[in-house]
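Please model the entire structure based on the sequences and the hints provided.
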Amino acid sequence: MHETFKFLFSCRYASVLLSLFALLASGGCNGDNLDFPSQGGPSATLLQGVAFDGPILQGTVSLEQYPPGSGVLASGTTDQNGNFSFTAPMLDSTAVYVLTVSSGKTLDLATGNTLNLTQGDQLMAIGTGQDFSGGSLSITPFTSLEASLAEHFINQGIAMSDALRQSDDLWSGYLGFDPLKTPVANPTLGPTQANSAGLYGIALAGLSQMAYNIGQTQSLSPGTTNTFGLLIQLQSDLSDGIFNGLQQGSSTPLSYYGYSLTSDTLRKNLAAGILEFLWNTQNKSGLTPLTIDGFANSLALNTSSLFSETPGASAPDPSAPTISVVSPVVGQYYRGTLTIMASASDDLGIGSFLTTSPNLPLSGGSLDQNPLTTSFNTTSVADGSYNLVFTATDYAGHTASQDVQFSVDNTPPTISNLSPTNDQTLTFCAGITESVTVTGTLTDMGSGPNFVSVEETAPTATQLTSSFTISSTNSTTGSFQFTFTVPADGCKSVTYSFSLTGYDNLLNSSTIPYSLTIEN
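Sequential numbering from 0 applies to the sequence shown in numbering that gives the first Met the number 0.
Just so you know, the hints here were simulated from the structure itself, not pulled from any lab data. Among these hints, one or two may not hold up.
With a straight-line Cα cutoff of 20 Å, these simulated SDA-like cross-link-like pairs (lysine to any residue) come out [stated by the list, open to error]:
1) Lys180 <-> Ser84
2) Lys180 <-> Ser160
3) Lys104 <-> Leu253
4) Lys180 <-> Lys283
5) Lys180 <-> Ala87
6) Lys491 <-> Leu425
7) Lys491 <-> Ala429
8) Lys104 <-> Gln121
9) Lys180 <-> Gln47
10) Lys104 <-> Gln57
11) Lys283 <-> Gly111
12) Lys104 <-> Thr117
Here is the structure:
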């Protein structure tokens, strides 16, 4: 450096001022002897990405070298979409670092509610300087679990680089993508694709849905159970390196508001939460069970070393839903107000229960309600045969359908073929009491004839007994008869009047007057 200063002093009065660059290029004044620092790489690392449970708003993202506690190297704040971007001192590519997200708020995916992060609520990501310098990062509950597993491996004496690699392999194999380096598509904002980003968002939404369902089971207000609270229990479960519902060194099952954790929490139960979220009104992704079922089942059926062997892996919902129709009953006739009563059930849950008809004008064209109880005025349609089609779709997209055929009959039966005929005169005059038998036919083309009621209205008012026999060859017709007595009265002429009421099997009825003149 001494020679350099001598050179600069001797050159300051040169007749032509040259830039340092030109001076060096020309070699003047022994410029080759200048001792400048060598040109190096960047002196800082840009850290950028997203903190997402739903999006973490106004959260603090802190960088520390592993193990945490040695001090924050750099920090930044998330925006309204959970995005962050800040610089840190140049990271050692092989050293291990931790990113922690704390404070702020989160938009709960299952409910749309804004939840404040409280003390202890945090997301984490672990990686080398090279991992953190390689582009956009995602910090989520899954990277938090990935960090917990890596820490378990480190505590087991595994080299940090190997611990990170093993944890990353397991979680990337479980999800089908790298949770740290895969972007997250928010399923509540609008249409997404069934790619890694879309599946990542749906998986996080399923976790939120599962936490929400735990609260609903216990009748808790929305937000009481959430992903952060469930995450703490999942991290405790993973403290022994495996999801088995137990914390390391304990035989007491872990629970969260009455929900007992098992190896199925992040398999069958998460898959169920994903499929249920697809039917949630918060879901704007456009993704359906048809496009997601394979991903959900891959989580549910995962048999990696992340999970204990008991219970065995199983799909969240392998079977179709069950439909129960109370009314109408297949083949039955109905009159007046028809009560429609039906329901659908499923091990996982019912996404939709749709009631339609090809020939009955339902209000709005269809009904989507489970259980369903409604009424329909059958007098608004003609007598005849109708169908109601009940279709249930469960959260997994399995469907079941039941077609119920029934008939409407609001038309009363008719009385005919009376013998003796109406208004006929019968003469006896034998000085004895006579018996008169009247026969007739009752016809009904709908539900069928049932019986005839006979009331004598003159000369006295009395209810008479009648008999009815359905035809053995034609179920729409039957014969009836009744008998009344006529006392001897010096062969006087007396009018006997009756009211004949015919009923069908739905008790639709019609009444006609009938009279005979008797001379006895």
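Do the hints match the structure? See the list:
no., hint, result
1, Lys180 <-> Ser84, "15 Å, holds"
2, Lys180 <-> Ser160, "17 Å, holds"
3, Lys104 <-> Leu253, "27 Å, violated"
4, Lys180 <-> Lys283, "24 Å, violated"
5, Lys180 <-> Ala87, "19 Å, holds"
6, Lys491 <-> Leu425, "11 Å, holds"
7, Lys491 <-> Ala429, "12 Å, holds"
8, Lys104 <-> Gln121, "11 Å, holds"
9, Lys180 <-> Gln47, "11 Å, holds"
10, Lys104 <-> Gln57, "7 Å, holds"
11, Lys283 <-> Gly111, "12 Å, holds"
12, Lys104 <-> Thr117, "9 Å, holds"
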